[in-house]
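Chains R and W, in that order, are what the protein sequence lines are. Quick note: the first sequence uses UniProt numbering, first residue 1, plus one each step. Quick note: the second sequence uses UniProt numbering, first residue 1, plus one each step.
The hints are all genuine.
Where chains are identical, the list cannot tell them apart; a pair therefore holds if satisfied intra-copy or between any two copies.
Cross-link-like lysine-lysine pairs, in silico, BS3-like; alpha carbons within 30 Å at most: (1) 193 <-> 24; (2) 24 <-> 104; (3) 104 <-> 193; (4) 164 <-> 104; (5) 193 <-> 164.
These are calculated hints, taken from the structure and not from any lab test. Computed from a predicted structure; not experimentally measured.
There are 2 protein chains.
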Amino acid sequence: MAEFAEPIARLIDEFRRLPGIGHKSAQRLAFHVLRSSAEDAERLALAITEVKSRMTFCSVCHNLTDIGQDPCAYCTNPARDQHLLCVVEEPYNVFAIERTGEYKGLYHVLHGALSPLRGIGPDDIRLRSLLERLRTLEVTEVILATNPTTEGEATANYIGCLLKPIGVRTTRLAMGLPVGSDLEYADEVTLHKALAYRREM
Amino acid sequence: MAEFAEPIARLIDEFRRLPGIGHKSAQRLAFHVLRSSAEDAERLALAITEVKSRMTFCSVCHNLTDIGQDPCAYCTNPARDQHLLCVVEEPYNVFAIERTGEYKGLYHVLHGALSPLRGIGPDDIRLRSLLERLRTLEVTEVILATNPTTEGEATANYIGCLLKPIGVRTTRLAMGLPVGSDLEYADEVTLHKALAYRREM
Chain R
1 MAEFAEPIAR LIDEFRRLPG IGHKSAQRLA FHVLRSSAED AERLALAITE VKSRMTFCSV
61 CHNLTDIGQD PCAYCTNPAR DQHLLCVVEE PYNVFAIERT GEYKGLYHVL HGALSPLRGI
121 GPDDIRLRSL LERLRTLEVT EVILATNPTT EGEATANYIG CLLKPIGVRT TRLAMGLPVG
181 SDLEYADEVT LHKALAYRRE M
Chain W
1 MAEFAEPIAR LIDEFRRLPG IGHKSAQRLA FHVLRSSAED AERLALAITE VKSRMTFCSV
61 CHNLTDIGQD PCAYCTNPAR DQHLLCVVEE PYNVFAIERT GEYKGLYHVL HGALSPLRGI
121 GPDDIRLRSL LERLRTLEVT EVILATNPTT EGEATANYIG CLLKPIGVRT TRLAMGLPVG
181 SDLEYADEVT LHKALAYRRE M
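Only chain R is shown next, with the shape it has when bound in the complex:
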């Protein structure tokens, strides 16, 4: 009797498989589910199965898309600029860029960034298909919009080197002081970038 009953032990186990969820969190989540109403639990379970039965990733750009719409709405929209390709780490980064309303080109979602420490190499992210797309697409500029982190930077540099022989213009999102912030509170690395990439007025 000193062990959890099988259904709760299994739920804890399933929660533990999720990223960033340790044993204690999994336990707390499992007991939360048990305490919540049957409707709430059912809704969570349904949302999980629905997402798998209704959503998938575009076989071209690897962004999120509805099952039945592959290639996705971005890849098949003739109004999008076919000469621009924006490379991001995660599907939700696409939404962040879309919200600016500034970008009307195509996307390529890597599903991760290079990280030797976590054992993520070039074959673990969608790099091969990026190179394949660049062979068929008539892209004039690749915008590297990976995160401004060590891993995102390393990934952008790596892709930059790969694309050099192809001769396509490759740009990187600007790094510098965030708008509305204060010099006083800027970290050293950001301030360093802001100085290094200063513009003529």
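For chain R, the structure is supplied; the task is to place chain W on it using the hints.
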């Protein structure tokens, strides 16, 4: 197109309802589910519904029990010492105590601890039923095994005061240095307790 499709938005929303899961974590979890195999997602969904359809809380001690076994196996086991009642915060605390193999009495699960800061008062935890049980049970000792935290201590003190008029012996788990630790690394409060509760050799 700048918003998530409905199934993924709903799953993010459902994950956010879980305790300790913010917007970023919910997003990461939802995309993890989407990336995992259909079998893995199905297993998680099933574990959630199973736990609700197969497990419940004992109507007597509020511990975890199988549906169909209420009161639970602890409450109905005549081999358990009916004169001892151990009060814990959470169902998983019961398993921690069971694992010691030292305790053979009954349990009472509060499902939380008093926390004025988080708005959790005496009516929000299973205190009323504890007092009712003490009226019918022939308990000679109540062991307060709430956590050695501010909230657990406050709860133990509060219950201690409630039980004083009843005249039942009320004890609290010992606090002090954890076995195998080092004085050097003990925090001040723990060392303070270890000194205050020192025993004769």
